[in-house]
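A.B. asks: Read off the chains here:
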Amino acid sequence: MKNSFISFNRLMAILAKEFIQMRRDRATFAMMVALPVMQLLMFGFAINTDPRHLPTALMDRDHSAISRSVVRALENSTYLDIIYHPESNQEAEQLMAAGKINFLVEIPSNLAANVGAGHPAQILVLAEASDPSAASGALASIQNLIDGAIRREMQGVLSSRAARASPIKVVVHRRYNPAGTTAYNIVPGLLGIILAMTMSLMTAVALTRETERGTMENLLAMPTRPIEVMLGKILPYLLIGYIQTLVVLVAAAFVFEVPMNGSYLLLFAVTTIYIIVNLIIGFVFSTLASSQLQAMQMTFFMLLPQILLSGFMFPFRGMPGWAQFIGEGLPATHFMRLMRGIMLKGAKTSDLMADIWPLGLMMVVLSILALMRYRQTLD
Amino acid sequence: MVSLIAKPENLSEPAVIEVTGLTKIYGTKTVVDQFDLTVPKGSIYGFLGPNGSGKTTTIRMVCGLLVANAGQGRVLGYDVRRQSAQIRQRVGYMTQKFSLWEDLTIAENLDFVARMFQVPDHRKRVKETLNELGLSERANQLAGSLSGGWKQRLALSACMIHDPDLLLLDEPTAGVDPKARREFWQTIHELSDRGITTLVSTHYMDEAVQCDYITYIAYGKKLLDCRSDEIAERVGLFTWRISGKGLKQLAKQLENMPGVEQVARFGTALHASGRDSAALAASVAQLTDGTNMVAQQRESGLEEAFIHLMSGAEDNFE
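For the record, the sequence lines run as chains A and B. Using our numbering, read the first sequence as starting at 1 and increasing by one per residue. Using our numbering, read the second sequence as starting at 1 and increasing by one per residue.
One or more hints might be untrue.
[What the hints assert, rightly or not] Below, a sample of chain B positions facing chain A; criterion: calculated Cβ distance under 10 Å:
id: 1; residue: 67
id: 2; residue: 82
id: 3; residue: 86
id: 4; residue: 91
id: 5; residue: 93
id: 6; residue: 98
id: 7; residue: 99
id: 8; residue: 100
id: 9; residue: 113
id: 10; residue: 118
id: 11; residue: 122
id: 12; residue: 168
These aren't lab readings, by the way, just hints derived from the structure by calculation. C-beta atoms are modelled at their ideal positions from N, C-alpha and C, and glycine is treated no differently.
Let the hints inform the model, and build the full structure from the sequences given.
C.D. replies: Pasting the structure below:
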C-alpha cells in the first residue's frame, strides 16, 4: 500500500467529479460565460465618462445675429442637444427639476447691444450638477464654443475687439450641488444599489431554499394560495429594507451632510415601491432557479447592469441609446433619479411622475409574473 | 388461477379514495399507468412495490401534488384533478423524506402546520400534540436535532394535527427502530378504529400484514389488489418448510428442481414455494427423503407471496 503525500489517482478522481458536476449545472456554466460578455459590452461600449448630447433647453431673448450665431455654435457641438425652448423661467425650472434637461442656456435680450457697444456681455448657463462629473466636460466646452462663434461673427469692423479678451462671458450656475460634492450624488444612489442587492437576494433564495431542503413538498401539501406564500415571503424583508433605508439616510444626513430638500413622505412612498419591486424580482428568480446558487447568480446578473447602466457610477446621458434603453428598464435607474430629485432638488410628486409610474408598472407586472410562475404542484 | 385484482366489494359507505385510470407521464416514460384504486373508509391500505415503481407518484397524484395526465375519480368526495385545494385541507400527507423545517423548533413546526390548516384553537392543539408525543419537555428543541425515529413521529403528528379524514403516508417507517415502528402501527390501528382511512406505502412485509388491503405496484402497473388475508390464496402458491442441517447445499439443489419457483431462507428453515403442488412435493421429497432434514407442507404466507411477486419485478429504474 502506497502512502505518498499526494495521490495522483485520487486527485484525478476529484477533478473528474468536479467537471461532471460543473457540466450538469448548465445555468451556472451559462452565466460564467455570459458574465464576461456582459461586462465587456457594458464597460467597453456603454460607459462613457465624458457624456455628449446632453439634453439642453435654450432661451434666446435677444434674437440678434450674434445670439443666433451663438446658438448655432452650441447646436453644432456634440456636447449639447438643444431640445427644449421654454417660454418662461418657471417652465425651465420644471424641466430641470423633472430631470428632463441637464443645461439651460439663457441669452439675455441685450447681448448684441452690449457686444456692439463694447460692454461686457454675459450668457447664463444653468447646469444640473447633482452629478458633478456628468456636467463638467460640457461646461468646459461652452466658453470655447461661444468664443469661436464670436470670433467668426466679428470680422471686419469689430475684429479689433474680437482679438482682445472674450467679449461674452459665460456665467455658470451649478444647481443642486454648487460645490460639486460627489457624496451628494453617490449617497442617494447608493441606497438604490444596496436595496437592489440585498432585497432581491433575500427573496431569491426564499423558494429555492424550501426546494433544496425538501420542505417545499410539505408547504405545497398544505392548503395555501400563491399570493399568501408570496406576501408571506416578501413582507418581512420590507421591514429589513426600511431599516437599511433608515441607516443610509441617517448616515447621509449626519456623516455626509447630504441635503434633504424634499418630502419625507414622498421619499418613504417611492422607497416602499422600490423595495417591493426588488423583493418581487428576487421572488421571480426563485421560481426560475433550481437551486439557491442559481438564484444568487441571477441576482448578481441583475445587479451588474443596475450598478453600471443606471446612472449610479457613470453618467446616464453619456451612454449610447441602446444602453439608455436598457437602463430605462431597470428599477435602480428610476429610483436614483427619484432619490436625487427628492433629496437634492426638492422635487414634488408632479415633477417625478415620469419615474414613479415605471416603478409602479414594474411592481404590477412582476407580481403577475411571479404568481404565474409559482407552481402549486411538484410538476 | 384466481384474479390477482379483487373486484371492489359492495361498500355500505362511499369509498374515501375512488380513482380510475390514473396515469402520470414524464417525457416518454410512463411512471404510473392506468392505475385504479378503491380505498374503503376506515381501512388501512398497504401500498407495496419495488423502488421506483410509482408508489410516491401515485400518492402525490391522490393528494393533488402532481396533476395526473389521465384518469379521474374522487378523493373524500372531491374531484381528484380539479379540487385539490379541498382535498389538501382534509388530507394528512407524510412525505418520504423529512420535510418539516429543521431550523424551527418542534413546537414552532407544529404551530406553523396547525395555523396553515386553520386549526381552531391551535395553541391548545399544539400543546395536546406535544403531550401525546411525549415531547413537551423538548418542545423548544430544533426539529433538525431530533433522531431519525423522533423525526418520523413528529412528522406523523404534524400531518395529523388538523384531524384529517385521510392519511397518506409515504414510507413512514423507513429507518425507524422496531419499537417505534410497533408504536407507529398501534397508532394507525387506533385511527382506523375511529374511522380514519390510511394509505401507507412500505417495504416491510411485517407491516404489510398489518394492512386490511394490499395493492402491489411494479413498473407503474398494478399487479395485485385484494384483502391482505387473501393474498396467498390469490397468488396460488404452495410452500414447503424444510429444516435441519445442510440447508445451504439443499437451497442450491432445490433451485433447479421442477416445480420449485423460489427458495427463501426464513431463520433456521428453508421455504420452497411453487404453484404446481404435485411437482413441488415430489422435488422436496426427492431431496429430503432419507436425510435428517424435516420437510412439512405449510400455508403460504405473505412473505412467500411477495417474494414471488417481486421476483418478477426488480427495482424499477428504467
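A.B. asks: Against chain A, with CB atoms and a cut of 10 Å, does the hint on residue 118(B) hold up?
C.D. replies: Hint on residue 118(B): holds, closest Cβ of chain A at ~8 Å, below 10 Å.
A.B. asks: Please verify that hint: residue 82(B), Cβ, nearest Cβ of chain A, below 10 Å or not.
C.D. replies: The hint is violated - residue 82(B) has no Cβ within 10 Å of chain A, the shortest such distance being about 13 Å.
A.B. asks: Residue 91(B) was flagged as interface toward chain A. Is the shortest Cβ-Cβ separation under 10 Å?
C.D. replies: holds, 8 Å
A.B. asks: For the restraint on residue 113(B), tell me whether the closest CB of chain A is nearer than 10 Å.
C.D. replies: holds, 7 Å
A.B. asks: With a cut-off of 10 Å on the beta carbons, see whether residue 99(B) makes it to chain A.
C.D. replies: Since chain A brings a Cβ to about 4 Å from residue 99(B), closer than 10 Å, the hint holds.
A.B. asks: Identify whether the interface hint at residue 93(B) stands, where standing means a beta carbon of chain A within less than 10 Å of its own.
C.D. replies: holds, 4 Å
A.B. asks: Interface hint check: residue 168(B), Cβ to nearest Cβ on chain A, cutoff 10 Å. Holds or violated?
C.D. replies: holds, 9 Å
A.B. asks: Measuring from the C-beta of residue 100(B) to each C-beta in chain A, is the shortest one below 10 Å?
C.D. replies: OK, holds: residue 100(B) within 10 Å of chain A, min 6 Å.
A.B. asks: Grab the minimum C-beta distance from residue 122(B) to chain A and call the hint holds if it beats 10 Å, violated otherwise.
C.D. replies: This hint is violated: residue 122(B) lies away from chain A, its Cβ roughly 13 Å from the closest one there, beyond 10 Å.
A.B. asks: Taking the closest Cβ pair, is residue 86(B) under 10 Å from chain A?
C.D. replies: Status holds, d = 8 Å.
A.B. asks: Taking 10 Å as the limit, does the beta-carbon of residue 67(B) come near enough to a beta-carbon in chain A?
C.D. replies: OK, holds: residue 67(B) within 10 Å of chain A, min 6 Å.
A.B. asks: Using Cβ atoms only, decide whether residue 98(B) comes closer than 10 Å to chain A, and label the hint accordingly.
C.D. replies: holds, 7 Å
This entry does not satisfy hints 2 and 11, going by the numbered hints stated previously.
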